[in-house]
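Asks: Once you've looked at the hints, dock chain B against the given chain A.
2 protein chains.
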Amino acid sequence: MRYIDAFNHFFPRRYYDALLDTPAGAKDLGKRVRGIPALSNLDERLRVVDMFENYSQVLSLGLPPVERLWGAEKAPEMARIGNDGLAEIVARHPDRFVGYSAFLPMNVPEAAVKEAERVLADGANAIQLASNVNGSPLDEPQFWPIFEVIAKSGRPILLHPARTRDMPDYPTEKISKYEICSVLGWPYETGVTLARLVFSGLIDRYPGLKVIAHHLGGVIPYLEGRVGHSWDQLGARTSDEDYASLLKRLKKRPYDYFKDFYGDTAVEGARAATACGIDFFGAEHVLFASDCPFDQEKGPGYIRATIAVLDSLGLSAQQMESICHRNAERMFGISAK
Amino acid sequence: MRYIDAFNHFFPRRYYDALLDTPAGAKDLGKRVRGIPALSNLDERLRVVDMFENYSQVLSLGLPPVERLWGAEKAPEMARIGNDGLAEIVARHPDRFVGYSAFLPMNVPEAAVKEAERVLADGANAIQLASNVNGSPLDEPQFWPIFEVIAKSGRPILLHPARTRDMPDYPTEKISKYEICSVLGWPYETGVTLARLVFSGLIDRYPGLKVIAHHLGGVIPYLEGRVGHSWDQLGARTSDEDYASLLKRLKKRPYDYFKDFYGDTAVEGARAATACGIDFFGAEHVLFASDCPFDQEKGPGYIRATIAVLDSLGLSAQQMESICHRNAERMFGISAK
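Protein chains in written order, with this note's numbering: chain A, 1327 to 1663; chain B, 1327 to 1663.
Extracted from the complex, chain A is given alone in its bound form:
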């Protein structure tokens, strides 16, 4: 079986050095990324990739997103440096790295539009968006032109949860304590963002948009019942907003929008969750991904565990092919072998 790993993280050299020079890089972030060689050392990363047969990666930069690390003056340049760094690695090692996603300087929406146009014309295979822009939801009007460019390109969005700590939505020590914010808050934040893309009307405006939500849709598949029945009753709990007419204005049942999103298999090797997520999205809307190299082995752990889980689910050959490589080939524009 060919495995294309749709969502995993790497820092090219120049971007990595600049990242370590930021205030965050000098503290927790630097400590963390230094501890994981395969996140920035290309030889180490190649070693990990080569542990698996017929396995290749679509590279994405790691979080935090560009707009969180640098201000408006610096973010556009840093996004270019990061994206060009990934493009260069893909060009040099096309067998191991079959594509990449680009980050945009979302804190400068006009520059983000230009960078999206540039990288998509140059062959970027996807755009990676953090689920909020320094606390601003992605459905705010200033971001819509960016979605328009991505929708026109036909390439997918890789939606990554953004650090919720210190964000306006989650300001207190209550949530960030015990790293609850990343362990549970990230998948929740993913669900919140998908909901806002739906209810703001953004998906109706750009119906061709393909959104791949990291970690198998965040919390959405497990909350399928609520996503369906509770949102069918939108407005039952509030009287200060006219949600009844919002429901009528939407082109589809809320539930159906969520079913149309895509998920990846990066759930740290959880078998029952993988089954639940594939059941929700369907095999045509799930992509193999590992979140490499954030496992305890710092590279191969989640790749191995995820392959083993997929092998154990009793999926048909066609479902397996779709998940492991065909959906990625189609969506990212990668040649079938």
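No false leads were mixed into what you were given.
Each pair may be met inside one copy or between any two copies, as identical chains are not told apart.
When the alpha-carbon atoms are kept at most 27 Å apart in a straight line, the in silico BS3-like pairs for lysine-lysine are as follows:
#: 1; residue 1: LYS1503; residue 2: LYS1574
#: 2; residue 1: LYS1353; residue 2: LYS1624
#: 3; residue 1: LYS1478; residue 2: LYS1578
#: 4; residue 1: LYS1503; residue 2: LYS1577
#: 5; residue 1: LYS1400; residue 2: LYS1357
#: 6; residue 1: LYS1353; residue 2: LYS1503
#: 7; residue 1: LYS1536; residue 2: LYS1503
Everything labelled a hint here was simulated from the structure, so no lab data went into it.
Replies: Coordinates of chain B only, in the frame set by chain A:
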């Protein structure tokens, strides 16, 4: 098969009338509860229960919790009125209502201790706790004596997510928009609360405590991979807290505490999620529950859907008996038929 519905909601007359007199009752809450007759009209509720063969309910008051509706002067009395109202209904209709859970006036911790002692001595089958006390996490020290009383009794906690809107943790319109706060935020909040009970050391202090988390554990089972592997690495993302020594201080691996909690099947009839949740907790730690009467039919909808889902999962006879009634009989102290 006998079905004991472990978690569903009803307002006894006196409590309901007082609730409508509160500021919340005069607005959204009143509008909402008036629209669901089986939530407060006993004849209507009996009609719903009698639609199903060999089916009975353990009654719980509806949300918001007592401490949210009334201040410190009034909450202790209102909790008594609500609890005695449920106890009376159970006494009058022991075939249909085989038990009840009691709310405590959590905004007056000493009164909550006394009310817990009173109702547990009088035969309450469980204590229903909202997942936060007007924004204060349940693991704050003032609440520990309450957990001590419950742990001693051997009776379980029914953990209900509390309205996150207007809470310190979620202060903005960003989350409450589109009712995201209840649809997605409630199960997330459930997960946050379970995590805090673990990492605060409260579960180590009261190891006999049995916590049944509504909606099949909130988001926990789907996030099993993160709950396991990410929390094994607690501290990797932070340097300002000594989480390494916290991990060492805990008596078990974080993951194992979460596996020891209980969930109910109230997921609005979502089949794949039900399978995922039962896989996570195991059949000995899952209780049949419907969240009646919050379905679109205002009573029987989720009961019927949940029974159908359980019938479809190919569980063994023993697993089905555990989930449908034996776990409830054992934990709530209900006679086996």
